[in-house]
Every structure is written in structure tokens, then in C-alpha cells.
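Asker: Sequence:
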Amino acid sequence: MIRQLLLLIFTAMPLSSHAIEEPDYELVRKFDGVELRKYAPYMVAEVVLQSTADDAGNQAFPILAGYIFGKNKGEKKFAMTAPVTQTAAPVRMEMTAPVTQAAVAGGMRVQFVLPKGVTLDTAPEPLDARVQLRLVPASQWAAIRYSGTWSQSNYEQHLALLRAALDTAGVATQGEPVLARYNAPFTPWFLRRNEIWLALR
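Per numbering that gives the first Met the number 0, the very first residue in the sequence shown carries number 0; after that it's consecutive.
Don't read these hints as lab results, they were simulated from the structure. From a predicted model like this one, the values you see are computed outputs, not experimental measurements. Be aware that one or more of the hints could be misleading.
Straight-line alpha carbon distances no greater than 30 Å define the calculated DSSO-like cross-link-like pairs of lysine-lysine that follow [as the list claims (entries may be wrong)]:
id: 1; residue 1: K76; residue 2: K115
id: 2; residue 1: K75; residue 2: K29
id: 3; residue 1: K115; residue 2: K70
id: 4; residue 1: K72; residue 2: K37
id: 5; residue 1: K115; residue 2: K37
Computed Cβ-Cβ distance ranges for the label pairs, DEER-style [unchecked claim]:
id: 6; residue 1: V27; residue 2: N153; range: 24 to 32 Å
id: 7; residue 1: E74; residue 2: K37; range: 32 to 40 Å
id: 8; residue 1: G106; residue 2: L158; range: 20 to 28 Å
Heads up, the beta-carbon is just placed ideally off N, CA and C, and yes, glycines get one too.
Let the sequences and hints guide you as you build the complete structure.
Answerer: Below, the structure written as C-alpha cells:
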């Protein structure tokens, strides 16, 4: 049932992540497969759930997809954006993920990025009280990109590579890692674009 729901939610997402909108960022530096990025502010729709990292996406996707597919005042529909992100541990309040899902004390914060041009004034009010709208301020992140499955082992392997590269380069980070997923669940594993992000100090 959950798998069918996720497939429905991501029907609008093509196999290639390059065909859908992403938040704007400037590439500051690149080394050892790591990118240091400076993100511009952008809008998100988010929900905070009392959930584990493993379950947060499945629980939050239908709630947030309902909002962007028209469950709002005015029944406005938005194009699907990327990535969908997740972190498995609390993020301190001063940190804001420039993407779509992050953990907070007492639960998981899941975010969908809204298309460029949407503001707090122009975004329609959600009909589901669990959905909140927020402007994510400008922020800087270190990111490593990889393909393959969304397994914990794949995640941990690339997180270790990211941390090692940053340590070698003397780049300081803060907060918990964020897993960013850019493709629909039915995208073949070898075509997927996955990323892990760490916020820069």
C-alpha cells in the first residue's frame, strides 16, 4: 500500500532529476567528490511528525503531496520539485535544511520545496493543519553525490566518505547529516541521484 502511494506521488517526477526544479545554489568549491554549496532562500511546505527516520518519509509524503496537488485553499497545484531529504537525528534550531526533510527534537521535519516565485504571501493556505509554510533562509552545505539504493549501508558508506574528505580539507560542519533523494522510487537504482549534506559552520 505504501509503495503504491509513493509511486502515485512521484508520477510527475521523471527518471532524470535534471528535468525538475531544484533550489538555486552557487558552487563554492569542489574537492574529492564533495561540493561546497551556497543556497539562496526558498519556500517549503513542511510537516513535523513523531516518527522514526525510517517511517517519516512514508508518513509525510501523502500529507505534503496532498498540499502540492491541490489540497489547499484555492485548490492550486504545484509542480513536483527535488530533492526529498531526510535526516535521522535532531537538528538544532538555528539550522535549516535547504531541502525537504529534516529531523527536529521530538520528531522528524519533512519538507517539500515549493517552486521558485512562491512566497509566504502568495502560497495558498493548507487545508491540513499539519502542513506549515516556511521561508528557508540562505545557507551553506557540503554535499556528496552517489547512485544506488536508499539502503542504510549505502548511506553510511558515503557519509563516511563525506566526513573523511571534509576532515582532510579542514572544513568544519555542524548538525546532523541530511539524505537527499532526487528520483522517484521506480527509478532504477543505478540511475538514481542521491546526496548526503552536512551544514557548514
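Asker: The structure should be examined with respect to each hint, and the outcome stated for every one.
Answerer: Outcome of the hint check:
1. For the given pair, K76 sits about 14 Å from K115 by alpha-carbon distance, which is consistent with the 30 Å threshold.
2. At most 30 Å may separate the alpha-carbon atoms for a hinted pair to count; K75 and K29 exceed this at roughly 39 Å.
3. A C-alpha spacing of about 20 Å is found between K115 and K70, which places the hinted pair at or below 30 Å, so the restraint holds.
4. With a C-alpha separation of about 33 Å, the suggested pairing of K72 with K37 is violated against the 30 Å cut-off.
5. Between K115 and K37 the alpha-carbon distance is near 17 Å, which keeps this suggested pair within the 30 Å criterion.
6. Between V27 and N153 the beta carbons are some 26 Å apart, a value that agrees with the proposed interval 24 to 32 Å.
7. In this structure, E74 and K37 meet the distance hint of 32 to 40 Å, their C-beta atoms being roughly 36 Å apart.
8. Between G106 and L158 the beta carbon distance is about 22 Å. The supplied range of 20 to 28 Å therefore holds.
In terms of the numbered hints stated before, the structure departs from hints 2, 4, listed from lowest to highest.
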